[in-house]
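Number of protein chains: 2
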Amino acid sequence: MITQVLIGILSGAAILTAGILIGHYGISQSSSGAPPSWLKDVAKDVDESLIEKFLSEVDNIQIQENLRELTKVPHMATTAGDEQTVQFMLKRWQDPETGLDQAWREEYMVYLSFPDPKNPNKVTVVSPSDTVLHTAREKEKSYTPDQDDPEVVQPYAAYSPAGHAKGKLVYANQGKPSDYQLLNQTIDLRGTVAITRYGGAGRAAKAINAAPYGVLGVLVYTDPLDINDGLMSDIDETYPHSWYLPPSGVERGSFNTHYGDLLTPYLAAKEETYRIPAENITGIPPIPIQPIGFEDAYTLICELGGEAAPAAWQGAFNCTYNFGGPGFKSTSYFNNSDVKLDIFNHEEVKNSSNVMGVIRGSVEPDRYVIYGNHRDSWVHGAIDPSSGTSVMLELTRVLGSLVQQGKWRPRRSMIFGSWGAEEFGLIGSAEYTEQYFAKLSERTVAYVNVDIAVFANATLRASGMPSVQNILFAAAKQVDAPGLDSTSVYDNWVRYANRTSPALGIIPRVGYLSGAGSDYAAFVHYLGITSMDISYTYDRTKTNARIYPAYHTAYDTFDYASRFIDPGFVSHQAIARTAGNVLIRLADSLVLPLNCSDYAEILEDYLGTAMTLYEHQLRARNISMEPLKRAVASFRSAAAHLDRVIRTSDLANETPLKVRRINDQLMLLDRAFLDPLAFPNKHAYRHVIWASSDAGKPTFPGLADAFATAESSGQSRHWDKVHYHLSVLSQAIEGAAHTLVDVI
Amino acid sequence: MITQVLIGILSGAAILTAGILIGHYGISQSSSGAPPSWLKDVAKDVDESLIEKFLSEVDNIQIQENLRELTKVPHMATTAGDEQTVQFMLKRWQDPETGLDQAWREEYMVYLSFPDPKNPNKVTVVSPSDTVLHTAREKEKSYTPDQDDPEVVQPYAAYSPAGHAKGKLVYANQGKPSDYQLLNQTIDLRGTVAITRYGGAGRAAKAINAAPYGVLGVLVYTDPLDINDGLMSDIDETYPHSWYLPPSGVERGSFNTHYGDLLTPYLAAKEETYRIPAENITGIPPIPIQPIGFEDAYTLICELGGEAAPAAWQGAFNCTYNFGGPGFKSTSYFNNSDVKLDIFNHEEVKNSSNVMGVIRGSVEPDRYVIYGNHRDSWVHGAIDPSSGTSVMLELTRVLGSLVQQGKWRPRRSMIFGSWGAEEFGLIGSAEYTEQYFAKLSERTVAYVNVDIAVFANATLRASGMPSVQNILFAAAKQVDAPGLDSTSVYDNWVRYANRTSPALGIIPRVGYLSGAGSDYAAFVHYLGITSMDISYTYDRTKTNARIYPAYHTAYDTFDYASRFIDPGFVSHQAIARTAGNVLIRLADSLVLPLNCSDYAEILEDYLGTAMTLYEHQLRARNISMEPLKRAVASFRSAAAHLDRVIRTSDLANETPLKVRRINDQLMLLDRAFLDPLAFPNKHAYRHVIWASSDAGKPTFPGLADAFATAESSGQSRHWDKVHYHLSVLSQAIEGAAHTLVDVI
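First to last, the sequence lines map onto chains A and B.
Position one of the first sequence corresponds to residue 1 (our numbering), numbered consecutively onward.
Position one of the second sequence corresponds to residue 1 (our numbering), numbered consecutively onward.
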């Protein structure tokens, strides 16, 4: 009986268990339904092991081989060499094993300027009897086969008008307004030719500033003081013996103040797009200008007559830099001679391509993380831009492999842009933002720019909106500093460049993107997209070079890069790891890793400077800075509030629409600072915090410029403009604060 | 044994069943987790029974009582009467039983213009010996106590400058450029005073067009032909005997071309905001102008000498409308007399309030559906705007009660705006959009405007972006037409105003919001928010009145509204039901009920017109319309694609981020048509499809205007502008298409 009872109980228990199992696993929860399969995906955060995998797979040798391939021939925009790189990018991005989901080219018909290979530009010294006493080099001296490539373009100033200028030479330092002003105090500049050195003013400005004084033509060269730490001899001091610029090296460049295609402002340069008449272009040289090497500059400057120029104007040559009589010393072989420029540049509308590639996002394909780098160079462009292109290709190889193997797909979409015609004025990226303005404005989370990946191998350098500081730090902490044992890129960085944050203590200094130095410009200033620019750079205790010495010359080659800039390509690798880490975090994090309180800190810093510099004088004119103070305070408190919401919410378990809402607030933060009417005289500058400024003060750019103008003119209409801009600025900051506070 | 076996089987079965039940219900699905509670909420669609409930609760008597309360005293912007309505709105919206989640006021310091009660404006006929032969009425005749209210403002032209003008009278028809041009062919207009009738040109334009001819002052009146179907006598024909305008009735108005506060363009008019100097204001009368009743106009016009004006200039008076000698007939008592205007208007910066209220959204609080109506009137404003305010208050009462009782909360947030100072130039709504530009741009799904709710009780009238057509139809089909048995508002509407859609056949005609007639202007033209404007209106077979005759006069009272416009308030009720239905659908639908293919149809219609009107001449000038054709085709195919995605997706069961993505595409569609630089001469017009136009062609406004200018001047720079605008337009349409195609 006991046995029977036991059997009964046991069978009962077994049947019950079976029932429980059937009930639990065998019948789907029809009333409330089974949890949908997408539930885990939408709540997923960045996977640290994926980042580790990425970091370990980034390979320096791959980067080196990318660079070798990219620099086989010169690839100036729209040349055959450029087309070769287009094909190379497409091949790589369309590779079924390591490529992206999709890759294609986008073409624009853009306005470029070239010298005439059959009729090279000439700079000569001509005697009164028309004898040519000296002719400047037309091409750079050859040290390796690279310089002999027939596709090496003659050094020239893109957008310099063609024409002939002949006159007595004067030395105008850096060609700043103050330089010509000073020179004009002792010399009648009418009919002269000015020689200037690079630095201190934009390229085009050196000619634009000169023309009003009657200067007929301008030369520009790189002084060894500014680029070579004073060294000059190619016997043992300069390339190929070191990274320094050889005497015949010439920096090419775009002599153009604006960015984007010059004939189609605000419009994508398609075939049938309206083009303004070329004579309406502003911001380019009104008179011929030509760059030369310091070898030729030495010959000219050391022969100049007239008074000695001020100490600040002196360079590295072993002679006194005189103003010019105008013209040469009476004791010179060149006595009474003129300098003559014969410029044969021509403008042409040519077909330039961006190469685009995407990895489709899994959960939020309509959110874009964009990574870009230009593809075109002036000559071989090993550093500028192919160091960046090599890094981008390594990044996309590692990410593309993960995608093609089905191991990973980012939450958000990644877009890669290989921009065309950057060297002529950031044209490819600007046209892209014009063509896709609405879509990009609506959906872009951030833009990451890596142009020159490695200037030098000492330390990370990063610039960006303050909200990206945090993600840069996080990424830099996870990457080993090249050439150093057990030191992170972050720890190394903070030694080279730091500041004290009121909230965070001593941290690396992240720069600002207030200019238009690379392809981030259209993203920052025109679209208001949170952006950053990343590279490895100099130890400033070791060199004063303006930039790496081979910049924009025929010496920026694979040989130069691999021997002097980054032997072993370990700094390239560190940049690929850091930038890729940033990219993955932007694409995969559940909550966007953008920090609005860090933004508030910089606004407060700008405000403090503005109060110190302007409040006293503004109050005297009954212009109140209170609205600006209130706006910055609103922003701070809204940012603190949003941070608190993020910190205190369990976002992985709440509705995905809540995290999306917060992410939209973070994504659109910079958009709120745009005002298309704030800078009527600056093409495509709309971001009231980061626009370029002439005043050179570390504060709100429009306010600083308006104040400088009013202070110098004293006119009440200019003080009105200060008040007006204060209102524009305060409203924009208040508007940004509105987007951070509770959504209703 | 069989029994035992049976018992065994039965107990086994019972135990198994118990087990299954325990397993199914008693143990949570721990491995995959229980479905989260928000899952149902995010997938919820509009609830039709809620809409039925809403429709049944909208009460005509409540609307009537709202109107009675709102029209007790005149409530011109910033007066004590206006403040009374502010308090009334706040009280209603803060009511704990029927109010909204939150309500508050927002204040702006705005530039207004008023007559001087102590020194009323005067219009007189003065003999050569300075005897006053006739004085125009300074206030309207009293028929009810309403007209006797001391707060009834004297009829005046807001923003007319103060000043004195004296001269011989001429009749200038509607004051259009062509009218003055014709008049000037026979009469030297220098030193004259012109009398004009309302209609044909904007109010300010009648003076702006006159000034260049040397006209010193302008009168404006409403001709009985234009407003009263010719009737004139207050003995038995006009109010209080009918809805027609009494002889002394005068239309007040803002004589201002722009919208928004005139001193703070693009900036919210806060206390410390920068204000432009008043002398820099454009678009207001440069010479004094004053409106008068047709009683006085009759006295003046029928005495005019000179030639008879053309037939099209003749009105309803029983005399010939002559041009004026200039001045009166020699046979007139007024012979040789001048007409004199003494205008004492003054401008003042005053504090105007918007009253704002919100119902917080449950699932997507960061998506706004905005509903607005202005609150300020010229006098009692029973129709304009209090008919709309009464409807809004009834809407918010019904919705507020549902919220306060916990029966309903919309998916998206609802924002209600009771705008201030609309009559002076849509000021309150414009300042609101300037202050909250970023937030509203990012989050607003749609704006619904109901200003004058009921012009007359014949049929629905609706205007809006083409994408709202569908939702208007859906709502109108569910509402009974007032005064008709078993006919819907839709069925009644399609009889009065229809068109043939290529896709849909005969449907009601939805108008376009291309002007700035009410508070939708800033939402449409400045923010690019999908908007609509809804009202009940005339049977055009029964009247030719320009507008309801008491418009902007002291007769627009509760008595007038309840006796002649909508006895029983059933048309008001129909508007409340229709607009409320639209509002709930916008706020609660899972997929936003906006249709982009309907937008494509209208773009194709505009394109067809443009091709017919312009292609021949443009081709002759080598300007291709192909990019525009391609852009419209891209838009059509992108719209068809998005429609297909919506139709073929199971959005309630996919990730909520998918429906959000589609809704963002729909929400931001109109934003993509904005170009802040497209119309440099039109303040705050940025929408390239719906901007105002002078050319009067049913096609793209900027193209039509540029073409008209080029055709009339023949200058190549004007043809360049046509080409330029074609590029702007094509790029905007392509940009909009990009936002509709697959997101990556």
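Worth flagging that the hints you see were computed from the coordinates, not collected in a lab.
Be careful, since some hints might not be right.
Note that the list lumps identical chains together, so a pair holds whenever it fits in one copy or between two copies.
Each computed BS3-like pair below joins lysine-lysine, with the alpha-carbon atoms no more than 25 Å apart [stated by the list, open to error]:
1. K350 to K721
2. K53 to K407
3. K407 to K542
4. K407 to K658
5. K477 to K329
6. K44 to K658
7. K658 to K40
8. K721 to K270
9. K629 to K270
Structure-inconsistent hints, enumerated in ascending order | 3, 5
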